[in-house]
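Going line by line, the protein sequences match chains A and Z. Sequence positions in the first sequence follow the numbering used here and run 1 to 139. Sequence positions in the second sequence follow the numbering used here and run 1 to 264.
Source of the hints: derived by calculation from the structure; they are not laboratory data. Fair warning: this is a prediction, and the values are worked out from it, not measured in the lab. Be aware that a few hints might be false.
List of simulated lysine to any residue pairs, SDA-like, C-alpha gap at most 25 Å [claimed, not checked]:
#1 A:Lys22 x Z:Thr41
#2 A:Lys22 x Z:Leu230
#3 A:Lys82 x A:Gln135
#4 A:Lys2 x A:Asp99
#5 A:Lys2 x Z:Thr41
#6 A:Lys82 x Z:Ser56
#7 A:Lys2 x Z:Ser38
#8 A:Lys2 x Z:Arg233
#9 A:Lys2 x Z:Leu230
#10 A:Lys22 x Z:Leu57
#11 A:Lys82 x Z:Leu86
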Amino acid sequence: MKRPIRVVVAKAGLDGHDRGAKVVARGLRDAGMEVIYTGVHQTPEQVVETALQEDADAVGLSLLSGAHNYLFPRIAELMREKGMDDVLLFGGGIIPEEDIAALREHGVERVFTPGASLEEIAAYVRDAVGRRRGQAARA
Amino acid sequence: MGVTGPPGGGKSTLVSRLLAAYRARSPRVAVVAVDPSSPFTGGAILGDRIRMQDRSLDEGVFIRSMASRGYTGGLARTTARVVNVLDALGHDVVIVETVGAGQEEVDVVRVAGTVALVTVPGLGDDIQAIKAGILEIADVLVVNKADRPGADETARDLAQMLTLGSSRTGWKPEIVRTSGATGEGIEALVRAIDRHQAWAAESGERERRSAAAAREEVEALLRDALVHRLEDRLGEERVRRAIARVATRQADPYSVVEELLAES
Ligand code: B12
Ligand SMILES: Nc1nc2c(ncn2[C@@H]2O[C@H](COP(=O)(O)OP(=O)(O)OP(=O)(O)O)[C@@H](O)[C@H]2O)c(=O)[nH]1
Ligand SMILES: [Mg+2]
Numbered sequence: 001m002k003r004p005i006r007v008v009v010a011k012a013g014l015d016g017h018d019r020g021a022k023v024v025a026r027g028l029r030d031a032g033m034e035v036i037y038t039g040v041h042q043t044p045e046q047v048v049e050t051a052l053q054e055d056a057d058a059v060g061l062s063l064l065s066g067a068h069n070y071l072f073p074r075i076a077e078l079m080r081e082k083g084m085d086d087v088l089l090f091g092g093g094i095i096p097e098e099d100i101a102a103l104r105e106h107g108v109e110r111v112f113t114p115g116a117s118l119e120e121i122a123a124y125v126r127d128a129v130g131r132r133r134g135q136a137a138r139a
Numbered sequence: 001m002g003v004t005g006p007p008g009g010g011k012s013t014l015v016s017r018l019l020a021a022y023r024a025r026s027p028r029v030a031v032v033a034v035d036p037s038s039p040f041t042g043g044a045i046l047g048d049r050i051r052m053q054d055r056s057l058d059e060g061v062f063i064r065s066m067a068s069r070g071y072t073g074g075l076a077r078t079t080a081r082v083v084n085v086l087d088a089l090g091h092d093v094v095i096v097e098t099v100g101a102g103q104e105e106v107d108v109v110r111v112a113g114t115v116a117l118v119t120v121p122g123l124g125d126d127i128q129a130i131k132a133g134i135l136e137i138a139d140v141l142v143v144n145k146a147d148r149p150g151a152d153e154t155a156r157d158l159a160q161m162l163t164l165g166s167s168r169t170g171w172k173p174e175i176v177r178t179s180g181a182t183g184e185g186i187e188a189l190v191r192a193i194d195r196h197q198a199w200a201a202e203s204g205e206r207e208r209r210s211a212a213a214a215r216e217e218v219e220a221l222l223r224d225a226l227v228h229r230l231e232d233r234l235g236e237e238r239v240r241r242a243i244a245r246v247a248t249r250q251a252d253p254y255s256v257v258e259e260l261l262a263e264s
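Bound-form chain A, shown alone (with noise of 0.2 Å):
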């Protein structure tokens, strides 16, 4: 049987705008996939904690603060730290087209901003998911 996907859906620092979390949250489940909503306020290490025990195939952090170019980046660092090279990363929320190529380079695979429709998020995220799937079955 196939194994639904597992996200992790995160809102981190002091960041209290959640619709944006809970309505993707929703779009994803509504795609068939299993999500763990962290709720608001969570410091990157409790999502990195929570990604690990949950054993998520990714992790979707939205920000609407403006501290994305500080927690992005400490998220990747404690995921690589964390050996969660398979984990994928990848978020939303109001961040500026400028600051997303940064982001990319960190390893914040891709960014959606908003009006993002939700079919399109589901489907980069099962697409995501699949090639490392793929790519964990290969090695």
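Starting from the known structure of chain A, fit chain Z with the ligands onto it as the hints suggest.
Coordinates of chain Z with the ligands only, in the frame set by chain A:
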């Protein structure tokens, strides 16, 4: 131990409080929290963990969310095995939170030595949400949200319901008032759970439960294995045709099953 009860009753909040209480005396505590999968998409939002996140960086705490994946007893099919693994890994206490359970979600009794049933005040005069079936599996009855009005009445109603039924095991469930919000009553809850565990160890109830659980688990696996073997032998196509005949009312399901068994 298991924590069950109607949706939104405060199970996860209580589990988080219990985590803190058990960690004060045990080096390693684990939680397995089950939420329902959508029957249509198979997806799930696993939200129990939100209430426990303040314990997530404690190295002595492990929390794992599970989706029910179509299994209807209030747990996931593999929850019992996950509990076994966590036990084998050296967790002194494993707490299982069921999906918000109504009446038939009683499988938790097969994985837990002690079951706490969480209710809240104001569910209605006759506590409709707590039907007989689920009341029978309770070893401890928790009236949570006792910071709200009506807790005493609910406790009284529960006490009355208990006098109506007869105990299967000789254990009389204790009724404890708690507030997950304030932490009130948590110590009393832990003591009530301790008393039940001591009684279960002494009376032989613990062995009876593990024997019943083992039997149930082996039978369930055997059933699954038999069905798979049968499906393999018959082939998808034959089963599909048989189902189609039932769907179009050319045959009734009983005869179709008899035929399939005869063919296999
Ligand atoms: C609603 C809102 C609020 C509500 C939040 C309610 C709630 N519980 O969420 C309230 C009124 C509480 C609020 C408060 C504040 N807000 Co406000 N708020 C907004 C507003 C108007 C809409 C946000 C929203 O809910 N959109 C709807 C959701 C569905 O969209 P979304 O979150 O963008 O999500 C989409 C994508 O971004 C993406 N996405 C988002 N997350 C994720 C995650 C993953 C994994 C993926 C794949 C995709 C993804 O996909 C979603 C679907 O397309 C925005 C302005 C705007 N137009 O965005 C300001 C905005 C975000 N707020 C802002 C500010 C400054 C504040 C306050 C600091 C104001 C103040 N001074 O008090 C406070 C801070 C509160 C806090 N504790 O964090 C600023 C942020 C500026 C910045 N980042 O530089 C904004 C941009 C307004 C502005 N133009 O100045 N806010
Ligand atoms: N007033 C009050 N509210 C509480 C108490 N315990 C929990 N709540 C609130 O009740 C709501 C549900 O709490 P949860 O702990 O998520 O309940 P649950 O039974 O785990 O819910 P499901 O897992 O969805 O069935 C939350 O909004 C809590 O903050 C309590 O003792 N008093
Ligand atoms: Mg819960």
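Here's how the hints hold up against the structure:
1. At roughly 17 Å between alpha-carbon atoms, Lys22 of chain A and Thr41 of chain Z fall within 25 Å of each other, so this suggested pair holds.
2. Restraint check for Lys22 of chain A and Leu230 of chain Z: the C-alpha separation of about 43 Å exceeds 25 Å, so the hint is violated.
3. At roughly 19 Å between alpha-carbon atoms, Lys82 of chain A and Gln135 of chain A fall within 25 Å of each other, so this suggested pair holds.
4. For the given pair, Lys2 of chain A sits about 36 Å from Asp99 of chain A by alpha-carbon distance, which is inconsistent with the 25 Å threshold.
5. Straight-line distance between C-alpha atoms of Lys2 of chain A and Thr41 of chain Z comes to about 14 Å, which keeps the hinted pair within the 25 Å bound.
6. For a cut-off of 25 Å, the pair hint linking Lys82 of chain A to Ser56 of chain Z stands: about 16 Å separates their Cα positions.
7. As the CA atoms of Lys2 of chain A and Ser38 of chain Z are separated by approximately 16 Å, the hinted pair is consistent with the 25 Å bound.
8. At roughly 22 Å between alpha-carbon atoms, Lys2 of chain A and Arg233 of chain Z fall within 25 Å of each other, so this suggested pair holds.
9. Restraint check for Lys2 of chain A and Leu230 of chain Z: satisfied, since their Cα atoms lie roughly 21 Å apart, inside the 25 Å limit.
10. Our distance criterion of 25 Å between C-alpha atoms is met by Lys22 of chain A and Leu57 of chain Z, whose separation comes to about 23 Å.
11. Between Lys82 of chain A and Leu86 of chain Z the CA atoms are separated by roughly 21 Å; this keeps the pair inside 25 Å, and the hint holds.
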